[in-house]
Amino acid sequence: MASVPMHQGLLLAGILFALGLTGLLVRRNVVFILMSLEIMLNAAGLAFVVAGSRWGQPDGQIVFIFILTMAAAEVSVGLALVLQIYRRFKTLDVDAASEMRG
Amino acid sequence: MFHLVWLIPAFPIASFLVLAIFGTRLSKKAVPLFGVGSIALSAVVSILIMFRFLTSPPPGNHYTQILWTWVDVGGFKPQIAFYLDALSVLMTLVVTCVGFLIHLYSAEFMQEDEGYSRFFAYMNLFVASMCTLLLGNNLLLLFLGWEGVGLCSYLLIGFWYRDPANGLAARKAFIVTRVGDTAMTMGLFLLFDKLGTLQIQDLMHQALLHWAVGSPYAVAAALLLLGGAVGKSAQLPLQTWLPDAMAGPTPTSALIHAATMVTAGVYLIARTHILFSLAPSAQFAVAVVGAATLILAGFSALTQPDIKRILAYSTISQIGYMFLALGVGAWSAALFHFMTHAFFKALLFLGAGVIIESLHHEHNIFKMGGLRKELPLAFWTFLAAGCSLAGLPLITAGFYSKGLIIWDTWSSAQGSHVLWFAAVIGVLLTSLYTFRLIFVVFFGEVKTPVHKRPGLRMMVPCVILAVLSVVGGFLDTPPFLGGVHSFTDFMHLALPVMTEGPAGGMTEILSESFVTLAFLVGLYLAYFFYVQKREYAEKLTAPAIGKALHQFWLSDWGMDWLYERVFVRPIIWIARVDKQDFVDNIYSGMALLTEFCYRGVRKTETGRIRWYAAGIAAGSIIFVAIVLFL
Amino acid sequence: MILVWLIVILLVAGVLAGFAGRVNTLWPRVISLVAVSIDFVLSLILWSENSSRVQLFPQRKWIEQVDWTWIPRFGIHFHLAMDGLSLLLIVLTFLLGIMSVLISWKEIQKGVGFFHFNLMWILAGILGVFLAVDLFLFYFAWELMLVPMYFLIAIWGHERRIYAAVKFFLFTQLSGLLMLIAILTLYFTHHRETGVYSFEYKDLLGTVLTPHTAMLVMLGFFVAFAVKLPMFPFHTWLPDAHTEAPTAGSVILAGLLLKTGAYGMLRFVVPLFPDAAHAFAPVAMTLAVIGIVYGAVLAFGQTDLKRLVAYTSVSHLGFVLLGIFAWNELALQGALIGMIAHGISTGALFMLVGGLQERTHTREMDRLKGLWATVPVMSGTMLFFALASIGLPGLGDFVGEFLTLLGTYRVSIGLTLVAAIGILISTLYALKVIQRALHGPNTHEWSIPDLGARELLIMIPMMLILLWLGLYPQPVLRTFEPAMHKLQEYAKPHPVLTLNPSVRALSYNGRLPEIKGK
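Chains as they are written, first to last, in this note's numbering: chain L, 1 to 102; chain Y, 1 to 630; chain P, 1 to 518.
Okay, chain L solo, but in the shape it has when bound (with noise of 0.2 Å):
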């Protein structure tokens, strides 16, 4: 099995990783935003595989599995606190919700 060289493993998740931080800054829509947090938590995971597989340690897996899990976690909050977030606002954008500013 031809290995992927690291370099290009961890460019692609350093890629995922800023595409994913761009969505989450541009984009205004909490769902948007979810699922921009998502692709920045698997860039994470790809990172930890890429370096599991360099040195051929099983770590970065199981840390992939843990990373698995908190996102499975985060998103139900995530998804709960956006339909409070819709049910309040009537609306998706999270600017609306900036009721906290100091």
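None of these hints come from the bench; they were simulated from the model. Any given hint might turn out to be false.
With a straight-line cut-off of 30 Å between C-alpha atoms, the simulated DSS-like cross-links for lysine-lysine are [what the hints assert, rightly or not]: (1) Y:Lys77 with P:Lys486; (2) Y:Lys194 with Y:Lys373; (3) Y:Lys533 with Y:Lys447; (4) Y:Lys29 with Y:Lys452; (5) Y:Lys579 with P:Lys432; (6) Y:Lys579 with Y:Lys447; (7) P:Lys492 with Y:Lys194; (8) Y:Lys194 with P:Lys486; (9) Y:Lys77 with P:Lys492; (10) Y:Lys603 with L:Lys90; (11) Y:Lys539 with Y:Lys367; (12) Y:Lys539 with Y:Lys447; (13) Y:Lys547 with Y:Lys533.
Quantities reported herein were computed from a predicted structural model and do not represent experimental measurements.
Dock chains Y and P against chain L, hints included.
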């Protein structure tokens, strides 16, 4: 007998407590019973003590009664103790006896006043404090009495408190005298620091041991005590409070602001005479202050239209004589004048009170006139006192006491001819303003009708005092008029004999002749301007210079004006400007700075999640960059 | 043991009063009154027992003490001890405590239970401050007074109560932190020198510090106490706190909390750092004198009666500070009498002003004109206490001020003169009060009830005590005397620092490197 001395202040204190606590519940009859009765008891005790002192004097001619130790700290051990010697016995006797007569007078004078019991409470407290002042054996106890009389003076000047003007006059009196008291306290600190005691006799003894004549400490201490004396006795430059103090009830003016309290300064200097002998320059200052005051106040008295203010300036001027006597070392002459002055000046005030009462509270002498026939008894007693004040030769007490001072001013080793001349001019002025007052008030046509005549309780004290103002002088007469020396001899039990200097061609009889001449000139001028040619008096003030001078003297040589600008206004200004306290601005500034920072940082708290995310990202990048590249 | 009881009674009474407040408003008052009265009687018994004992055992250090180990690891003890100084201040504490409960009887109507809880706990804290000789415990008590006082001002105060309470809290808390740092520095220095961890006052007394460190550590203590005192220029919290606090709060603030500052100076600043305190004395005394004059001038400028009285405290406590730093027998005794007399006279003035505010709902002097006509007894009482506060001879304040100045005169003539002028200015404000509020025509036509039986019950004892202090202060002076001599003994200049270098090198064998080269 002497151990009863504590009763002298104790009776009035007890009566003060009764009147202060139950005063409003006592009947109008019971109030004078306590108020006057307590002073009568004190007077009886002082008479008994005086009698005993004359018949069988205590060993060493002094007696000390120690009641308890007041404070005992680190060598500072003042006691509550009373000291009797010729000086304190004499002054206590005068204070309690004259005080009793004035209290008796007040029992009728103040009868209609709503503050009847309050008045007697204050007056009794005054007598108690005054006796403590006179009898205290240490300067701290003397100071207690000193402040106590000041307080009573304050309370009584402002007795009719509804009128704010009275309150202002009272405040002025208290504050001005307290200026002097501040100097006096510094004097006490100095004396204790250098000599280690405040017990007067020990102090004088130590001063003699440790200080040479002219020692700077002695001079400083004497001058600081003089500061206190000048404040209390209304001498230059702190005399401004006394004329205003006339806002108080007239018996108060008679007792406190004429006969007793204002002579406390004289007592203080006489009491510490050894200190002043050690400080010739300070003693000379006393003489100069006295001479200057007696002249300046004499001029001011010439122009006043208010009967009580005339008498107030006259008091200032007469105390000037006493200071002059002290300054030239004529200790017993000063005390002699104190005694006669207490008689005639108290009477003048009581007479003025009768006049004012009977004319609907009229104070202006130019609205009075012809009272000789309306109030004959008041006229005759007032005339006796006036003659005594002016120094009518041969028969009045004032002539003998003042003549003695004037002769001593010339003949004393510390005297001088300039001071003598000033004192003789003073006689002329005294005679002039006294007879101006008498002629205007009692002669001419009636201007305001009399609506009320005084009763027995008011007139009996006047008559007694009138007798005393005449016969009081025969206790001590010059050699060519009998040469009685009983008063001087008595005072010499406590005070040293004056050292005589070269007479320089003057004799006592010549000096007395000059005094008589000055008296006659004053009398004639008063007769000329106020009986013969009234219009001349007005002509004098018509030209600009006459008017200006009149105004100047009327306002007491502009001293109030000056003090108002130099002291009063700046303090009020500072207090008003700094009402909010500058220092607080520092802390408010710190608070403002904190708030300003808070406002700045608060702007980043937008509540927008994406901004926060961007912040986290940017922060991480910067952090990583720093770690990587630095 | 009795010392612990004194505190425990207050703490328990506070909790009980807090719960009783749920039942009705009477019980908390009664519980507090009984508790403080018991303590007052106990303290009087202590005093009367001790007045004979002082004579018998002059060398005995503490009259009473309790020493329990608290946190042995850090050398922290629960150590309470009492000498003449603490005894007198404790008697004053309970006296004013009783008065504060009585004066609040009518004034406080909401949250009565919690109010009395706070009152009792403040008193307990003050007691702890006066008794603690373990510096950790002292700091603990110092902070314990603070919080209930904050609530007292913030809940039961007047219009600007929150501002005043926060200001009070910030000033005292921040300065308290400085003291904490100073205490810890001292603690660690002591450990470095001796190898023993101890917060014990007596152990720390001999701690040798370099002059520089000593000055800094001393300043840490000094600032904490100076803020409480309050000394110019740290006085600005005081007028706000006093003015806005309820009457009982003002009485306790002026009568007791300020005294804790003076107590701290006497007990800690000078004995712990004799040399630094000596070097610093001219500055402290100058600031004290500035405070005397400045406080009096500010008081003169006020139109709010309560604020005026508050500023007089700045002036009076200036005398106390002056006396403490003059540090001779006369001045110290003067400072002590001054503290007690000020507690009573100013406390009484606050009560009277509080009474006036209760009746007229104003503190502005111009609105109060001519009260003598309607409330002669109250006016007479006010006159009495106003005269006491300007140092009229025969009343307590005079003895304090006179002795202080007499002692100060030996140290500095100039400062004595300025302070004496300060007394003169005090006449101005006292007469202003009388003139503006009591005298004059009753133009606003006030017709208000005069002092009632409860108020007379408060005022008469206080008047008698002031007279007693003014005419026969000897019992108080005698009680303080042994304690004062002990303090003076501790504060003797350190022998180490006065010996010449060679002797020092011999006796300490170079064990104290930080002294070298200084």
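Against the structure, the hints come out as follows:
1. At roughly 22 Å between alpha-carbon atoms, Lys77 of chain Y and Lys486 of chain P fall within 30 Å of each other, so this suggested pair holds.
2. Between Lys194 of chain Y and Lys373 of chain Y the alpha-carbon distance is near 62 Å, which puts this suggested pair outside the 30 Å criterion.
3. Distance restraint check for Lys533 of chain Y and Lys447 of chain Y: the Cα-Cα separation of roughly 18 Å lies within the 30 Å cut-off, and the hinted pair is therefore satisfied.
4. About 21 Å separates the Cα atoms of Lys29 of chain Y and Lys452 of chain Y, which keeps this hinted pair within 30 Å; it holds.
5. At roughly 15 Å between alpha-carbon atoms, Lys579 of chain Y and Lys432 of chain P fall within 30 Å of each other, so this suggested pair holds.
6. A C-alpha spacing of about 52 Å is found between Lys579 of chain Y and Lys447 of chain Y, which places the hinted pair above 30 Å, so the restraint is violated.
7. With a C-alpha separation of about 25 Å, the suggested pairing of Lys492 of chain P with Lys194 of chain Y holds against the 30 Å cut-off.
8. With a C-alpha separation of about 27 Å, the suggested pairing of Lys194 of chain Y with Lys486 of chain P holds against the 30 Å cut-off.
9. Distance restraint check for Lys77 of chain Y and Lys492 of chain P: the Cα-Cα separation of roughly 25 Å lies within the 30 Å cut-off, and the hinted pair is therefore satisfied.
10. Between Lys603 of chain Y and Lys90 of chain L the alpha-carbon distance is near 27 Å, which keeps this suggested pair within the 30 Å criterion.
11. Between the alpha carbons of Lys539 of chain Y and Lys367 of chain Y the distance comes to roughly 19 Å, so the proposed pair stays at or under 30 Å and holds.
12. Using a Cα cut-off of 30 Å, the hinted pair Lys539 of chain Y and Lys447 of chain Y holds, with the two alpha carbons roughly 22 Å apart.
13. Simply put, Lys547 of chain Y and Lys533 of chain Y have alpha-carbon atoms about 19 Å apart, close enough for the 30 Å limit, and the pair holds.
Hint compliance for this structure: hints 2 and 6 are not met, and every other hint is.
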